[in-house]
Amino acid sequence: MTEFLQYLMTGLTVGSIYGLVALGFVIVYNSSNVINFAQGDLQMLGGMLAVAFLAAGLPLPVAIVLGVAGGGIAGLALYKWAIRPARQAGPLALVVITLGVALVLRGGAELLWGRGYFSLPEFSGHETLNLFGVTIVPQSLWVIGITAVVVVGLSRFFQSSKTGKAIIATSLDPDAATLMGIDTGRMKLLCFGLGGVLAAVAGVVIAPIAFTYSTVGLMLGLKGFVAAVLGGLGNFRGALAGGLVLGITETMMSGYGRSDYKDAVAFLLILVILIFMPRGLFGAAGGERV
Amino acid sequence: MSDIDKAIGMPRGLSTAGGPRLRLAGQGGVLLLAAILLLLPWLLRSGFQYHMAVMIGIHAVIAIGLNLLVGYAGQISLGHAGFMAIGAYGTAILSSRFGWPPLLGVVVSAAAAGLLAFAVGRPILRLKGYYLAMATLGLGMIIYLLISNEVWLTGGPDGLSLPMLSLFGQDVDSPKVWYGIVAVLLLVAYWMAGNLVNSPLGRALRSLEGPEALSAAAGVDVSASKVRIFTVSAVVTAFMGGIGALYAGFISPKSADFMQSIELVLMVILGGMGSIPGAVAGAAIVTLLPQVLTAVEHYEPLIYGLILILVMVLMPKGLVPTLAHRLRRSRS
Amino acid sequence: MSDMQISGLSKVFGGLRATDDVSFHIAPGTVHSIIGPNGAGKTTLLNLMTGIYEPTAGEVTLGGQSLLGKPFHARVAMGLGRTFQTPQICHGMSAIENVMLGSHLGLDGRLLPSMLRLPGIVRGDEACREAAAGWMRYVGLERYLDAEPGAMPYGALKRLEIARALAGKPRLILLDEPAAGLGATEKAELSRLICRLRDEGVTAVLVEHDMKLVMSVSQHVVVLNYGKKLAEGTPDEVSRNPDVIAAYLGRTH
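Quick mapping for you: the protein sequence lines, in order, are chains F, L and G.
Heads up: the first sequence is residues 33 to 322, going by my numbering.
Heads up: the second sequence is residues 2 to 333, going by my numbering.
Heads up: the third sequence is residues -18 to 234, going by my numbering.
In case anyone wonders, no lab produced these hints; they're calculated from the structure.
Careful: at least some of the hints might be erroneous.
Said to hold, decoys possible - Distance condition first, Cα-Cα at most 30 Å in a straight line; then the derived DSSO-like pairs of lysine-lysine:
#, chain 1, residue 1, chain 2, residue 2
1, L, K255, L, K129
2, G, K168, G, K209
3, L, K129, F, K294
4, L, K318, F, K112
5, F, K112, L, K129
6, F, K112, F, K194
7, G, K193, G, K168
8, L, K129, L, K318
9, G, K209, G, K193
10, L, K255, L, K177
11, L, K255, F, K294
12, F, K197, F, K112
13, G, K51, G, K209
14, L, K129, G, K51
All chains, please: the whole structure from these sequences, using the hints.
Okay, structure coming up:
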């Protein structure tokens, strides 16, 4: 039982990270129908920037904030210079463009920081807690806590702020939103920025537990995408739940099964879900998104 | 005989100006490619240049097969490296562990890939757009992980060596002979793909790119047709995967990973969706680009990424269709 | 008897009876129209005929054979042709290739012979190209043979679809709002085309809003209202039917 709880804790931590990246996918996809394959690399960028700012002598909290801001700015730039100029292109071309951006981010990171492995110090010391025999790294609590704060904050933002509502209007019906005087281009830009921020937050909070390096983004992005699809791609709560399901299943697989097939879990899960439940685990009720 | 037909009778002797000209253009493409492939050896100076030509040829055949699926039938696959790996590993295991003749290994592996594609095709190809992308990606990743982890069979990260191919009792070890083999395969693939897309069956497959109602209204069985073209492209990819493994003499899981799948799709998209010469051009660019970029080693991913973004922003239909369109416009 | 027989056809969505016990017969070689105010259930009926929906009750037969349980493409193979309200055209093909697509069912569709371009394939393909050119001339599109559909006017695309459906040599052709989106001249041309089909004995079913077109081309009209058949008869009979007049005046549409 203790072992199970231990795995569950690890799964929740990893799952929160997948959930954050998945949220980024969903927000970008809802607003502009683009699957941003650079989402994982934005996460890498956030972590790397925080490491670099810390190394430059800035205090940890400042480095963290700057890292997150960097991810957001990269998201904005991605929309402005890569997505918007190609807005008449088909979805395939947009996939290629975001892959191109992913490569640019990776290449840029290698150029600036090399191919080494980096990590951040833990946010609040590294003394582990013990709860019912389960060892808990404090950083895990940071990860889960920050994810919870982000999710609550985001739903507040979408439900009650004027900008949040305008974004939702844009994703539901861009033409109607334009008629209502909403600058849909601006809303899409914002969503890409938000996607960048979410990815960077994930990158920063996980950096004390898992190494960050230039090529880490690929698998992270794929897992985040899997989590988003599990949740029905387009469904906000589904994305987070998809991340948690993925994180927990993966951890259980490496704990009780074969750890070398840990990464296979995501892809097996996605095949099964897509074939038997094409609308995701938590089926988006808002019609078929194909 | 339908009522309409009886009533109206078929009109005869009408101008079919489009027909012969279009078909000639198709044959012209094959002839042009044959001429290029015949003349190219005069330009190739080193063994390395032959090596690049062979690699381009292998990739071009795969890109042609993948273009039938992605470009013509409009169904994305982000997992074709998995089929390539089935061809490569199947050939390696059958020939080096079981002592089969290598070419038989290639054919059997390609057939196995075809069977797999046929079996998983129906449920997977029901999906559309990003979901299909995700499912094929998952399929490819699972094949990749099996290959990386089942060390007893595949050698894991260490890879596998293959015996040398021998034809008519002669070992094929010269790059020039390999060039000849791959050139013939490329010509055959180019010719057959051109025939297919301009046949009644090919038009049925091409209609899949549009809405399903359109295909169905023309009597096309949408799901069976999708499975069919998916299987064809998997067989072609696995076959060339096997040939490529024999040529290289060694394979490792890297050839099956996600980036390999992406490179294959890039060849199709960069060169031009729904364009057979485009697939060849795309294969050449994607194969040569990393070589060109070694001069600027540290910038490689950066420049690679920038090129992708620029090409897609400036010519989203791909190089060959865009250039052909501009050429036609400037002429008229 | 034959060609299409619709008997007791019903379709229930949730609690809504979108089609409610509708029966009528389409005789061979006639032009039928299905009309009715917006929301009367015309599109549902059409989707039941083509197999996009399966009925809750009732039967649809074509040439004496039941169509139920068969997917759309299989019904096409049995002789059902259809055009769409918004033309469904494949933009990756030229205009004539779109029409050729319509006749692919009668041709050799084996993979290997197609790839090798065996003589049988070539013969079939050439015959089908010639026939397609004929159909394009028939619908008045001879100048668009090799045009890209993207460069053709809307009205031409609608007629291109009719040509594609005709190329499949259907027993019966369903035209879904063929006049929608057309200008006055194009409507007049369409009316002439349908009259020509009618005079040459083609069986056609129109779902149409344009009353002038319906009244001038059809031999038989079926009026739907709230999913039920309200009236049927010749255009004259129907237009004098008080129930029909009430249904059209009593509802805004």
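Verification of the hints:
1. K255(L) to K129(L): Satisfied, since the Cα-Cα distance of roughly 28 Å is no more than 30 Å.
2. K168(G) to K209(G): It holds: about 29 Å lies between the C-alpha atoms, which stays within 30 Å.
3. K129(L) to K294(F): OK: K129(L) and K294(F) at ~27 Å, within 30 Å.
4. K318(L) to K112(F): Satisfied, since the Cα-Cα distance of roughly 21 Å is no more than 30 Å.
5. K112(F) to K129(L): Status holds; Cα separation ~28 Å.
6. K112(F) to K194(F): 23 Å, holds
7. K193(G) to K168(G): Holds, at roughly 10 Å.
8. K129(L) to K318(L): With Cα atoms ~20 Å apart, K129(L) and K318(L) stay inside 30 Å; holds.
9. K209(G) to K193(G): Holds, at roughly 23 Å.
10. K255(L) to K177(L): Distance ~26 Å between K255(L) and K177(L) Cα, so the pair holds.
11. K255(L) to K294(F): This hinted pair holds, its Cα atoms lying about 18 Å apart.
12. K197(F) to K112(F): 22 Å, holds
13. K51(G) to K209(G): Holds, at about 24 Å.
14. K129(L) to K51(G): 23 Å, holds
Checked against the numbered hints given earlier, the structure satisfies every one of them.
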